[in-house]
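Those sequence lines, one after another, are chains A and B. Numbered per my numbering, the first sequence spans residues 1 to 109. Numbered per my numbering, the second sequence spans residues 110 to 224.
By construction, these hints were calculated from the structure, which means they are not laboratory data. One or more hints might be untrue.
Unchecked claim - Here are the simulated DSSO-like cross-link-like pairs (lysine-lysine), alpha carbons at most 30 Å apart as the crow flies:
1. K45(A) - K129(B)
2. K79(A) - K175(B)
3. K129(B) - K150(B)
If you're wondering where the values come from, they're calculated on a predicted model, not measured in any experiment.
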Amino acid sequence: RKEVEQDPGPFNVPEGATVAFNCTYSNSASQSFFWYRQDCRKEPKLLMSVYSSGNEDGRFTAQLNRASQYISLLIRDSKLSDSATYLCVVNEGSYIPTFGRGTSLIVHP
Amino acid sequence: GAVVSQHPSRVICKSGTSVKIECRSLDFQATTMFWYRQFPKQSLMLMATSNEGSKATYEQGVEKDKFLINHASLTLSTLTVTSAHPEDSSFYICSALAGGTGELFFGEGSRLTVL
């Protein structure tokens with residue numbers, strides 16, 4: 001199976017900071033992309049899908065760069081409640097989604 | 110939105126016993142479900158892909174005779190951990206694929222502790 005790579009972090013940022021994560025994927029035929037959030041001892045939950053044109057949901061912005069084969073997640077004005085692990089998921093079209101290892105974010109007061 | 114329900118959420122059992130975990134898609138039909146295992150502070154590890162009406166596809170290193178998967182209907186997949194041992198203690202999570210969008214919906218997870 002092709003690889004999906006994420007910097008595991010942790011990213012340790014103060015409240016109000018802007019933080020960005022990248023996720024690279026190796027299969028150029030990948031078709032759909034997602035960011036999930038996983039809190040400690042909980043199941044992952046969809047944060048947002050990533051569209052070719054980029055998309056924004058409040059403080060969160062996701063972008064896709066097909067040429068360089070990466071997706072990004074930008075979090076503005078970080079809150080304490082944003083502390084979690086952020087998982088990048090790439091679907092190659094075979095419908096077996098591939099997960100990155102996750103990036104840990106810690107937002108401190 | 111789509112909901113996937115997993116049961117039980119927590120189970121403690123004695124070494125050598127078998128434990129069954131159920132994963133149900135509540136408002137959509139899931140021809141494909143996935144079973145993951147996650148150890149503390151580690152990433153999700155795909156164990157197997159469960160396909161309705163056919164045998165599951167197991168990832169390398171996952172013993173199919175130990176982790177029995179049955180996907181007998183479009184809304185239910187079960188994972189049975191047979192002859193459980195303490196090293197099988199982990200967080201088991203199922204997910205179902207919403208056809209067309211590629212989006213995964215996760216069950217709440219089952220925390221297994223084998224004494």
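Evaluated hints:
The hinted pair formed by K45(A) and K129(B) meets the criterion: a straight-line CA distance of about 24 Å does not exceed 30 Å. Proximity of K79(A) to K175(B) is assessed by CA-CA distance (about 43 Å); at most 30 Å being required, the pair is judged violated. Pair hint K129(B) plus K150(B) holds up; C-alpha atoms about 24 Å apart against a cutoff of 30 Å.
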